[in-house]
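Q: Protein sequences appear in the order of chains A, B and C. Residues 1 to 223 in my numbering are what the first sequence lists, from first letter to last. Residues 1 to 250 in my numbering are what the second sequence lists, from first letter to last. Residues 1 to 486 in my numbering are what the third sequence lists, from first letter to last.
Derived by calculation from the structure, the hints in this document are not laboratory data. Take the hints with a grain of salt, since some may be wrong.
What the hints assert, rightly or not - To give a feel for the contact side, a few chain C residues facing chain A, derived at Cβ under 8 angstroms: (1) R69; (2) E79; (3) D111; (4) G113; (5) T116; (6) F133; (7) E258; (8) G273; (9) P275; (10) G294.
Glycine included, C-beta positions come from ideal geometry on N, C-alpha and C.
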Amino acid sequence: MSDARAAILGRLRTIRTAAAPTLPDWSVTVPEPDRLKSFRERLEASHAEVHASTSADWPTLLADRLKARGNERGAAGGSTKVLFAPGTDRGRQLADAWAGQTDLHLVAYDQPVETLKDVLVHGVDAAVTETRGGIAETGTLILWPSSKEPRLMSLLPPLHVALVRANEIFGTLTEAMTAQKWSGGMPTNALLISGPSKTADIEQTLAYGVHGPKELMVIVLES
Amino acid sequence: MIPIPDKPDTVYFFGTCLIDLFYPEAGLAGIDLLQRQGIRVVYPQGQSCCAQPARNCGFAEDARAVARNQLRHFPKPWPIVVPSGSCAGMMREHYPELFAGEPDEAEARAFADRVFELTWFLVHVCKIAVHDQGAPVRVTFHGSCHSQREMGVRDEPKQLLRDLSNVTFVELARPAECCGFGGTFSVRLPEVSGAMVADKVADIAETGAAEVLSGDCGCLLNISGAMAKNGSPVRARHIAEFLKERCYGK
Amino acid sequence: MASNLATAEGAVSTAPDFAARASVALKDAGLRRKFRRAMDGLMTKRAAQFPDADAWTSLRARGSAIRRRSLARLPELLEQLDTRCRANGIQVHWAETSADADRIIQGILTDHGVRTVIKGKSMVSEEIHLNDFLARHQISAVESDLGEFVIQLAHETPSHIIMPCIHKSREDVAALFHSQIPDQAYTDDVDALTATARRVLREQFASADAGLSGVNFAVAETGTLCLVENEGNGRLSTTLPPLHIAVMGLEKVVERLEDVPPLLTLLTRSATGQPITTYVNFISGPRRQGEQDGPHEVHLVLLDNGRTRIFGDSQLRETLACIRCGACMNHCPVYTRVGGHAYDAVYPGPIGKILTPQINGMETAGDLPHASSLCGACGEVCPVSIPIPNLLVRLRGEAAHRDPASTVKGNGARHSSLEDLTWRGWRLMYSIPLAYRLGTRLLTLVGNAMPASLPMLKNWTSVRTKPQFARQPLNVLVRSRGIDHE
């Protein structure tokens, strides 16, 4: 195997190549005043639901939205089970805010997936995650999963709820990468999410919720 | 965009082998249009073919031998005007590569820089003003792939047609789609080529045009041949012939 | 209906050459309608993403330069990628041939006792015929991308590199699901079919022992694998199972993380007309201490399979700039009319016509470079400026001429003495002015008497009337009109 490496690199090195070209200038921007609007419009065009709220109010807004959905769908008895990250600030805030809720039941993702697999795959209706900001140009969420907020949260449940700070919406991916110094250290898995899961493989007809969440709800925290 | 030269006193005319054999009247019309712009036109008798057929089939050596004949017969530094975007593209875009590393590379590059497609030359260099003397007619235009993609000729011929007051110009539904000629492609893969030209002929029919014009005789041979085989009444001509007739009569 | 189409597909792929396969495909009106409609849609979507010519030019220039830098520095970047990945905990394997890659992957799976591997979309895994190889070793590979899932059920190969079952109608898929999936009633409702696929594959994700993926871009700077998708199956197959194997062509490496945004946007806009895909996944290692999910092991297999050979030719090296967007085939008038299976290759369309002969050799694929009218639509839309028409011409030459100095696999395999002679004859007539003038005179005098049954003429006249030679060639007429001839 290391023989293969030596052979391949050896062959490549014997070939003379022209000097690597310099990169021509290229930059795209989204002016600051337009960012929130662009972010919201792009997400809505991709079939995501976007709500405005504040750092203090979002747990109430979310509770109201989930209960309204439950009513709309004639919930088949039992509460809405919401996966959350108890080790994060937002997770703790949510647990406190929903302490008295009876129709909404919080499920902690604080054990390995091997232990929680059934619950994660079949047993939760939604998950709430933070984000590391957003991108206006494409209507994109930046997720930076960690030991406290595991990566399957934004993937397995049929509804993903994401919290974004309005002042953390960058114009472009390049701006976000630079401002947040991504090249200084990448997590195990960094994610860009721009809508609910979809496909157009069958007759180029759009269908949602193929494998990832069928629904994405974004709550923009304006203060 | 190819840099626009000043209007010269004299130009060379490169007839192209297809015009030589099949559409000489288009060649004469092209020369006439240039002469009426006050330009002296010189047609070197030694010219033959741009060598595209051999080059496209991967026979670079044979292509170079024939291309050299053209380098030899257009010695003065005059523009070389070509009534074909495809042949013009071969000479302007591909002669430099064909002659890369050859002893006469510099000569080939200098030659290539002097090559211009006819309608582009009439519009940008001559700033031709057309005055229509013909009866009302509805026409459409098919631009060859190489005139569009290699010589950047997209709107020039259509603008000339729109400027003719008694001509109704109708655009094709798929003006940038290949007609299926592709030189030897038309005989190597006749069924695929046939499917492509059938679609082009149907597109032309949809426009309701009485005539289809083109700046390229390969496309014309292909399209007119397919239309004739289907008994279509649509006439196919080179745009130079059409322009000359509309502006100056037969 | 479904069985007729299956026969047509089978007949297309087994015919001996492109012309024969194209002939079969052209007779399938349903296929032609589907492809025309699909390609029109993709072309329109792409055009809508590049409304500004200057913006396109500037973005394309950046992306093209990034890919050329990757190729100019390929060995150093691969070394850097290897080092960084391993520092991140990713195990890196190098495979010279397609068989080596199969064995390496099978070895890893067998070591871990894997019986079922779930796959995200990977064209490279098709290139190495991985599924069949694994099946022979009692390992089942389940496709999770909806399009790949459909064709796997149908026992077919993909007909497009981005949309694998583009040749199937919803009725085709409905019939397939009804006959192949237990307890699946017939329905051609796309949402219902999608829900079925979700249900069936969800179990597979949860129970699979391993996941396999491709790689869109591998960043040398940070040892990061970048994957794009819309469905979520790529994320699922690289997160749920305890083992993740990523396989990539070695040309996919890029220098820096900041190179990803321009390439990403070029890829998604060119491929499906999206400014970005639903998910962009940056994987930089296996599950770390304290993390609750993610695979315990991540392996990266770097595949050569002829790429270093292609790299050896400075012109043909351009083939390796490809980011697999599929825009070339979406715009190709030949591909639109015959569909992907007519190419009988993993990679169809224009990129397939230049890549396949170089990987598989001119013996089997030497006719592919001729499956083109050289219209240039592909080169015009290629986001990384691969001069596809020029490479097609170059490969035509390689097929026709045996050259000991050439590194192209099977060069000269399509050599024909008759063709040589024809071009020699043509050259004589066209390079000698006297011969040309005499020849054109002769043709105008007797050319129209040539019977339509002559070999080349026969092919022409199958579709068109015989071309009419003029009474006198232009070179004679200009003399008689007194036009200056210096």
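Q: Next, verify each hint and record whether it holds.
A: Hints and how they fare:
no. : hint : verdict
1   : R69  : 4 angstroms, holds
2   : E79  : 7 angstroms, holds
3   : D111 : 13 angstroms, violated
4   : G113 : 16 angstroms, violated
5   : T116 : 16 angstroms, violated
6   : F133 : 18 angstroms, violated
7   : E258 : 6 angstroms, holds
8   : G273 : 10 angstroms, violated
9   : P275 : 5 angstroms, holds
10  : G294 : 6 angstroms, holds
Violated hints for the displayed structure, listed by number in ascending order: 3, 4, 5, 6, 8.
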